[in-house]
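Asker: Take the given structure of chain A and dock chain B to it, following the hints.
Chains as they are written, first to last, in the working numbering: chain A, 32 to 552; chain B, 32 to 552.
Simulated from the structure, these hints should not be mistaken for lab results.
Heads up, some of the hints might be wrong.
The list treats identical chains as one, so a pair stands whether inside a single copy or across any two.
The calculated lysine to any residue pairs, modelled on SDA-like cross-linking and capped at a C-alpha distance of 25 Å, are [to be verified]:
| # | residue 1 | residue 2 |
| --- | --- | --- |
| 1 | Lys-537 | Thr-443 |
| 2 | Lys-537 | Ala-522 |
| 3 | Lys-537 | Ala-174 |
| 4 | Lys-537 | Asp-521 |
| 5 | Lys-537 | Pro-72 |
| 6 | Lys-537 | Asp-169 |
| 7 | Lys-537 | Met-165 |
| 8 | Lys-537 | Gly-63 |
| 9 | Lys-537 | Glu-134 |
| 10 | Lys-537 | Asp-446 |
| 11 | Lys-537 | Gly-136 |
As the structure is a prediction and not an experimental result, all values here were calculated from the model.
There are 2 protein chains.
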Amino acid sequence: MTYAVWGWGDPAQQPRTHDLVAAMPWANELLGFTVADPETPSPLQPLPPPRCAADVFAGLGSTDPVDRARHGIGRSYRDIVRGIRGEIPHVPDVVVRPRTAAEVGEVLERCSERGWAVVPFGGGTSVVGGVEPMLPADSPHPAVVSLDLCRLRRVLEVDAVSRAALIEAGALGPDLEAQLAATGHTLRFYPQSFERSTLGGWIATRAAGHYATGATHIDDLVESVTAVTPGGSWSSRRLPGSGAGPSPDRLLLGSEGALGVVTQAWVRLQVRPAHRAGTSIAFTSWRDGAAAVRRIVQAGLRPAGCRLVDATEARLTSTLDDGRSVLVLSFESPDAPCDADLARALEICADSGGSALPGRVGVETSGRWRETFVRAPYLRESLVLLGVLTETFESAVTWDRFDAFVDAVRTTTLDAVRRVCGAGIVTCRTTHAYADGAAPYFTVFAPARRGGELAQWAEIKAAAAEAIMAGGGTITHHHAIGRDHRPWYDAQRPELFAVALRAAKKALDPAGILNPGVLID
Amino acid sequence: MTYAVWGWGDPAQQPRTHDLVAAMPWANELLGFTVADPETPSPLQPLPPPRCAADVFAGLGSTDPVDRARHGIGRSYRDIVRGIRGEIPHVPDVVVRPRTAAEVGEVLERCSERGWAVVPFGGGTSVVGGVEPMLPADSPHPAVVSLDLCRLRRVLEVDAVSRAALIEAGALGPDLEAQLAATGHTLRFYPQSFERSTLGGWIATRAAGHYATGATHIDDLVESVTAVTPGGSWSSRRLPGSGAGPSPDRLLLGSEGALGVVTQAWVRLQVRPAHRAGTSIAFTSWRDGAAAVRRIVQAGLRPAGCRLVDATEARLTSTLDDGRSVLVLSFESPDAPCDADLARALEICADSGGSALPGRVGVETSGRWRETFVRAPYLRESLVLLGVLTETFESAVTWDRFDAFVDAVRTTTLDAVRRVCGAGIVTCRTTHAYADGAAPYFTVFAPARRGGELAQWAEIKAAAAEAIMAGGGTITHHHAIGRDHRPWYDAQRPELFAVALRAAKKALDPAGILNPGVLID
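Pulled out of the complex, with its shape left as it was, chain A reads as follows:
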């Protein structure tokens, strides 16, 4: 598969101008502001010559400009805008594609000797600047290498008794699911980037999957991890649980390539659900819907889907268009019917002022949700070509603060959108529900000023992030920190934890070559 420099799919799937023109009236109607004429993507601007030669990597390195450009950005709004313009400001000097964990070690060794920075690269779908080889101004590194794990994509072993598999870190979602399907298993981990992101990337960024409750974080699906550092490699013991000291895996989970390169992991598998039940419930008040979500999880129910969508987003996604919020609710089980769970959840919803939408089977249960869900990035790139600023950001917060938090973040962001862009929409849904809180997910659509998008984005992003921090949320629930969230992450994490993390990094990566600029300095 050939990946485009900036598009979500392969180049053949990129939006065509006549389709975009045809979509303009629909987009204007839907968004409530006037979109721009479709932009024709610019060719890639000339790149600076590589500051190092690929030959040190013995046939594994590439200095092809498209390759370098592709590894210079992720898939954030900023990345797509820069990609469309052909202006990729930070590119690696070489892209290296090791075939084995041993070769990953050799790459790190060679880079360590030379002081070359190394940016681990999985699917390259970061929406927070996680893979952009942007060195700090005072960087001591004479060159940057993008270490692409795409050749490590095999399921190496399946343990059907324990329901676990050893999988290489570069395996994309569809890769590993196809290999597991032959054994009757599934990882059942579906982040929105499923098609284009990798197991190693999920672990490095503490990704969360589509399911609203239960073991939906990759953290909970990991049984053991192997990582390669400049000083050698490390593997934890495969265990269902352990109390032997702080968890080694939990130090790598969320380490964003700054402590080591994840090369493989044992992960927990499931069998496909045999039973499903779901529906949608409308709420006149978003707050009543949120109370219903809280009561459902606090009752001990564990819905697979439990997505409260606000009225604006319900309209945009054609879920409901009467000014009410919608809770899209579903249960699934590998073994037993879950109708009783759904019935109990519906009672709770009714008690909270919800009205079940007759005849409306939860889209979550129809099997089509996944297609819709994973198609969203394709839609997004069309909107960007029509001059729409599209941004998503997310958080998590405890229930006691939830209502005020969502109000404040929504209002602050909408104020910023209107101030910066003159018009726009901010929508909210919940993605994950916990007994003690929930994860709200915000989407922004606004008319961008061509050429001014990056500054507009930065101003809106900062306003939203400040509101998140002031409201007691986390700067990210599942998008990771990357370079974009660093200022707020630095304020969020305890300073002494940063001291510990910095010391750990210094010990594991003395030359500081691993993904400089993310997580810690």
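Answerer: Structure of chain B alone, referenced to chain A:
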């Protein structure tokens, strides 16, 4: 409450000689070997004079010999034997009881300046030498202080909406439950040490509670942690979930006092279960019972109790006495009946060759289990006085290795018991069940040689630990590492993780005063 130097309860509850004599025929019959005449506990031997004065701690310090002796041991078999003999080889020079987190900080500051080692002390129930102030031979520390958190025992705040509470680290199980009960909540965390152990101790040791599945580890119940280090204090943000970098809390969970002193934490609460269902199922073959446990959890069922007890332990505990193993199974829910879950689990058990025991309601559901469970430590000290070597140890292993693992550990340990003691029993039960494995828990009873107990214990312990490591298990699933498990922990944990941990400790605790000898050197 006054604690005895070595007993589980207060001194008034310690076993009396005439009761022990009366119990001898029963013990002989039950254990299959002849117990010894009851030992009369010896008075406490004179302690070495304190190497530092208490006055530096401004009224918070004690050099009382009983106080020092009590803080010199935990509650392992070795500790009880040494306590009975009045021989406590390692005692702190001073016991300090700060009243606030600020005072904890002052204690650390004063000790840091002087190079005095500090052993954080919660309930002092470690069964692995976690609180024994035993400095390495080459220790640079001129004195050792036991930092007892017993004065920090308040529930500071309850958030009824999010179901969470901020609780001081020195609160014992009954302390915090009594304070929470007034608000209608419960932490519902019941390790066997519940009566005598503290929230801070649970966090420092990654303790697990009584429940077999679900959020039974303290790891999952913690929303945020505050810890004091020699360089200041650190608090994580209260969040239901987060993907912002590696979890700060997970670095403290299991850190055994070596990285900081936990002073308070926000924890997740529940309401009391309104519905329960349970029963017991007999299996002619332990392996069939294990297969049933595996199939129950892999079906997505989450029993509160799911304890497979082998035939020997079933007989010893009067659960069943016909040579069969017993699965004690129960479900509970705060909201809805769980009879359907029990019915499905019983179908699985029947398919796996199990026979439901008629009329036998699961002891787990009767409310009496907790009393029996938390009374076990009292029984144990009676047996030690009757010359019985009693040891428990536990592990966790993936299902693919489970059967061979339990066989090998049981056989190896029994061989060692017979070689070392001439007779004895080794029993096994499962305590926790996961989709990918389970936690087996072993109990040893053997006739000890008076005066030779510690050497006998060490030989049996080493044989069992070697078998655990060879079989692919963890050296501890919920008892922690302490000093007793260090050799095997050092072999289990990835060397580069130890490198990272050592660097983190050095950064947080430059003088190395925090609990030297545990976790890392």
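Asker: All hints, please: hold or fail.
Answerer: Here is how each hint holds up against the structure:
1. Lys-537 with Thr-443: neither (39 Å within a copy, 42 Å between copies)
2. Lys-537 with Ala-522: Classified as both: same-chain Cα gap 21 Å, cross-chain 23 Å, threshold 25 Å.
3. Lys-537 with Ala-174: Classified as within: same-chain Cα gap 20 Å, cross-chain 31 Å, threshold 25 Å.
4. Lys-537 with Asp-521: both (18 Å within a copy, 22 Å between copies)
5. Lys-537 with Pro-72: neither (42 Å within a copy, 52 Å between copies)
6. Lys-537 with Asp-169: within (18 Å within a copy, 27 Å between copies)
7. Lys-537 with Met-165: This pair counts as within: shortest intra-copy Cα distance 20 Å, inter-copy 31 Å.
8. Lys-537 with Gly-63: neither (51 Å within a copy, 57 Å between copies)
9. Lys-537 with Glu-134: within (23 Å within a copy, 32 Å between copies)
10. Lys-537 with Asp-446: For Lys-537 and Asp-446, neither the intra-copy (42 Å) nor the inter-copy (47 Å) Cα distance is at most 25 Å.
11. Lys-537 with Gly-136: So Lys-537 and Gly-136 pass the 25 Å test inside one copy only (18 Å; across, 27 Å).
In summary, the numbered hints that this structure violates are 1, 5, 8 and 10.
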